[in-house]
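Each chain, written out:
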Amino acid sequence: MLDVVGHPLAALVRGRRPGYSLDAPFYVSPEIFAADMEIIFGHHWIYVGVEPDVPEPGDAMVVDIGKDSIIIVRDDENRVVAFHNVCRHRGARILHNEKTTVGNIVCRYHSWTYDLSGALIHAEHMGPGFDRSCHGLKPVHLRSLEGLLFICLADEPPADFDDMARVMGPYIAPHDLRNTKIAFQSELIEKGNWKLVMENNRECYHCAGNHPELTIPLFAYGFGFAPEDMDEHERANAHRYSCMVQERHDGWEAAGLPSREVEHLADRVTGFRTERLPLDGEGEAHTLDTRAASKKLLGSFKTAKLGALSFWTQPNSWHHFMSDHIVTFSAIPLDADNTLVRTKWLVHKDAVEGVDYDIDRLTEVWQATNVQDAELVGFCQQGARSPAYEPGPYSPNTEMLVEKFCSWYVGRLADHLGL
Amino acid sequence: MLDVVGHPLAALVRGRRPGYSLDAPFYVSPEIFAADMEIIFGHHWIYVGVEPDVPEPGDAMVVDIGKDSIIIVRDDENRVVAFHNVCRHRGARILHNEKTTVGNIVCRYHSWTYDLSGALIHAEHMGPGFDRSCHGLKPVHLRSLEGLLFICLADEPPADFDDMARVMGPYIAPHDLRNTKIAFQSELIEKGNWKLVMENNRECYHCAGNHPELTIPLFAYGFGFAPEDMDEHERANAHRYSCMVQERHDGWEAAGLPSREVEHLADRVTGFRTERLPLDGEGEAHTLDTRAASKKLLGSFKTAKLGALSFWTQPNSWHHFMSDHIVTFSAIPLDADNTLVRTKWLVHKDAVEGVDYDIDRLTEVWQATNVQDAELVGFCQQGARSPAYEPGPYSPNTEMLVEKFCSWYVGRLADHLGL
Amino acid sequence: MLDVVGHPLAALVRGRRPGYSLDAPFYVSPEIFAADMEIIFGHHWIYVGVEPDVPEPGDAMVVDIGKDSIIIVRDDENRVVAFHNVCRHRGARILHNEKTTVGNIVCRYHSWTYDLSGALIHAEHMGPGFDRSCHGLKPVHLRSLEGLLFICLADEPPADFDDMARVMGPYIAPHDLRNTKIAFQSELIEKGNWKLVMENNRECYHCAGNHPELTIPLFAYGFGFAPEDMDEHERANAHRYSCMVQERHDGWEAAGLPSREVEHLADRVTGFRTERLPLDGEGEAHTLDTRAASKKLLGSFKTAKLGALSFWTQPNSWHHFMSDHIVTFSAIPLDADNTLVRTKWLVHKDAVEGVDYDIDRLTEVWQATNVQDAELVGFCQQGARSPAYEPGPYSPNTEMLVEKFCSWYVGRLADHLGL
Ligand code: FES
Ligand code: FES
Ligand code: FES
Ligand SMILES: [Fe+3]
Ligand SMILES: [Fe+3]
Ligand SMILES: [Fe+3]
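Protein chains in written order, with UniProt numbering: chain A, 1 to 419; chain B, 1 to 419; chain C, 1 to 419.
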């Protein structure tokens, strides 16, 4: 636990200047990193994967969050549940691979054996005084939002997950994530603090200059702009874009696909935002030719021209749902200076690789974009280490959601610290 | 020196729950690691090697213990002595290879030269006011127990080394270690705290599930068991095993080989334990076919069927003496998370490789076992890092010596801290 | 900033024993390293390179000093200027390669653009309330001493740079550094504290035993010696050497080349020392055959037999100016245990590689010497880590300048800490 009285963290939290990037210690201090892991990642809903990660009973996935290691397993009743990956005998880590299929959960060291409900069912030589029922695996809270898996490491998870689920369910459900499979997964270690990874994700001010692939399907007017700097022609274009978005929203919603923005990034403990946006070109997917990447459309979709439904959650995820595939990202802090970004590309579970989809085509836009973002995040981490760094101003036209991320983050710290 | 008043270490020492694995900070905290290096490795007898490491006058070995580097050298009077490997001029490390042969001990930087008694005998350009006699190498306490070399870095080493030597001499002497040579040496960095390495060494609860090679020569009944869980048949086997051990002890002791258990693991500053145990199969050695690995028997042995005399010392060694060879292990802490295990296989000094013994056959059981143990130790270190870790119960039937190691360790800290 | 009251650094500074190497924490403590970066490298003139590093307007060089990264650029008025390499928007590092040529200084992240005077000239989407003039690059003090570039990271740099420049200008100017080019550059990470690198540089007590190449051009009598240990013959040789130096100084000074020693290593904030010394053999340069390495002599020199003008500065540089080439060294601390030594070999800007000079011949003496010194520095760092290390005596005959470095260093700390 964190010592609050007179702790410099409290001063930094109190002194945060809205509209400006954070003070350097928020990005580089190992102590604040430890506080982040305790306060943010220890007490909020963390996105960790999808139900198709563990499609069958006995399928298990290991996710490491900071110093914690979590087993996520589908039990015999087809429920996805989570446990701490720590043996109750002498504390050995139990599962070692990201994915396995198990009958029971068996510790290699002395063969203590737990069933899929976490109960200790076998422990040799422990003598008559030993009570197995006191030595089951420690459970971890887990919730599935239409197949997106969130865990919470706190004893009392934030209650407003239900509100998010109620709002987001109708947006996500049509994409039928539970009937997808993971076509590809990438893991990229970005050399920057997790908050720089999130800030980078929350704006497209940098897209024009850095993402030649991503800017093919995305409309530039969606990135934000300063209207006062525009000429006649640009103003007309911006207006046209805005009308088109409106019109598409009307059409999609009429067809039963919720699409309009819902934004609670900074005013909820479980902050989130969503919006379905049209895409450029053929308008089907985040691909280089803007067409769908998989022939088997998701759910009961009949058309591929559904743009992309984006879903962002605080503190660590973003997701793009298209008619034919889903790309879903989690940011996992490793230390003050490094963050793992795990990306999964999901297609219909019956889609056949090489026939219905091609991995390269499916993944090339976001693989390239992730690498570009990693480099930019690294530049900011290098800069934040410099004694000459000072917080700079966010653009009021293109970085509003970066500001919402920061104000959510600082607000969560303040709340936890009782400030 | 350690700040004790109100130091959390004192609280952790006081709060240790007997019969349970240690609190996580004992395994993962860099501060407690530093305390271990000061209190345990800085003030106890540490096993570092064998006389055959430095067989001839001028032969020198460098052993690093934490931040210390020690020169162990056989002097011209054939005594093995030890010095700090630090030049008294500007502090350069003097010897750099694990093994060398030297006339004098010469610092490369400015050629200051020390003889094998550590006296500074040459230092150029130091002017008339300089007193060489104040600038000799700093000595380190060293004792040889029938060829096993122990050093102590404290000014006042524990006095009870003599008690151990008096008891252990008759057990070890018949194996005539001084007339062996090092046939093979391995160095393995285990990714765990040194105490996890020691705990792992102090029980065979894990052997059945993890050591397919080692369990060939070892009898499973020697690992301990919960009698109340046994059926008739198992109970009869256990009884038979116990009678056989008794009978062998009688025979060996009648033949002049002390064999019965002596156990002072937790009730002495210089804690130790010994026992000679029969082996399975041909009963000769820790080999895959349970036969001797070297044709030249040690000392004046006439038969190879002498089982294995084991010798364990606190805090950092274990040894297996057989009729034909000796395997001797030291655990050297590197940091809170890493420990070097150095293993030496000794055979008769006149045994010829390829004729009398084969390195693979000689070493295969313990090389495999070491690697398996390293993995298990790593699992525990990973688990101990998790906030979900909590101390778990040691089996009263198979982990009694793990408990003795922990109670010795915690007792030594308490004593040093004046608790 | 450093907490001084009761800080152990103050005790270490006060307790320093003159004539002895420093206490171990000065070499190994990360906290003292941080203090060094703040007090020494943050408030003194640091040598970073030469004007030929950025020969043309728009040429930029990046130099990292601790956590700082500095852009050194030649502006359109041909002045060399320096800025912090940190974008004023969200703090990204701007330039990433050691050398580039730029029109403006452009941040990759969101394309903020600064001109060569550091002014922000372009920043899109920032809205009407944004004032560019408050968001220019932060300047860093830079001075050129006849082409040697020094920066100071403090707001108020030490004023006595001008004194050093006034004294040293006439020594250095004849070598016409501004009309040289960098023929070769090496970067070597020495595994030791920066102060051990500097101490190593400030004596040649170690040269005879460790530098077979460097001792070809250098006269051994220049290394210092204890007169009382000499025999008749040696005394005569030493006298002859001393007379020769005197005679050469007379000759060179008559020819307009200042040559006599000026020494302010310990009595100035901006400590320095210089002397021109004859070389052995042909007496022309630091080469294996002691002849000039480049056919194009520097400046307006007509003879190559000018010995070597050496120039040492506190805290981090040394330089050797010869008739045909210049070798210039900077030591850049990386952490308590590692130091980058950057060496540049300069020849006349019109000299042609392969025709006028050969890289191997030019660089072989100092490349070999650097590697040898790095090993020695590493030995001292290893030794300083040992609890057995204690400060040892500097030779009053060969290590006087090491003592001056240490007393300058400790004095600067004392001054900064108000002791
Ligand atoms: S640590 Fe898991 S069974 Fe012993
Ligand atoms: S440091 Fe050993 S001789 Fe100088
Ligand atoms: S960080 Fe440099 S332009 Fe945004
Ligand atoms: Fe991006
Ligand atoms: Fe084992
Ligand atoms: Fe040198």
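Hint data in this document are derived by calculation from the structure and do not stem from the laboratory. By construction, the Cβ of each residue, glycine as well, lies at the ideal position given by its N, Cα and C atoms. Heads up, some of the hints might be wrong.
List time: in silico PhoX-like cross-link candidates among lysine-lysine, alpha-carbon distance up to 25 Å [stated by the list, open to error]: (1) Lys349/A / Lys305/A; (2) Lys99/B / Lys191/C; (3) Lys99/C / Lys67/B.
A few chain C positions that, by computed beta-carbon distances, are all more than 10 Å from chain A [stated by the list, open to error]: (4) Leu9; (5) Pro25; (6) His96; (7) Lys99; (8) Val102; (9) Lys138; (10) Glu156; (11) Arg235; (12) Thr290; (13) Gln367; (14) Leu419.
Now the hints, each set against the structure:
1. Lys349/A / Lys305/A: Roughly 20 Å separates the two Cα atoms, so the pair holds.
2. Lys99/B / Lys191/C: Holds - the C-alpha atoms of Lys191/C and Lys99/B are around 23 Å apart, at most 25 Å.
3. Lys99/C / Lys67/B: Violated, at roughly 40 Å.
4. Leu9: For Leu9/C, whose nearest Cβ neighbour in chain A is about 19 Å away, the distance exceeds 10 Å, so it holds.
5. Pro25: Non-interface label stands for Pro25/C: nearest chain A Cβ at 21 Å, farther than 10 Å.
6. His96: violated (8 Å)
7. Lys99: holds (18 Å)
8. Val102: Given a closest Cβ separation of 16 Å, the condition holds.
9. Lys138: The claim breaks: Lys138/C does not keep its Cβ more than 10 Å from every Cβ of chain A (closest is about 5 Å).
10. Glu156: holds (16 Å)
11. Arg235: Arg235/C is indeed farther than 10 Å from all Cβ atoms of chain A, at 54 Å.
12. Thr290: holds (45 Å)
13. Gln367: holds (30 Å)
14. Leu419: holds (24 Å)
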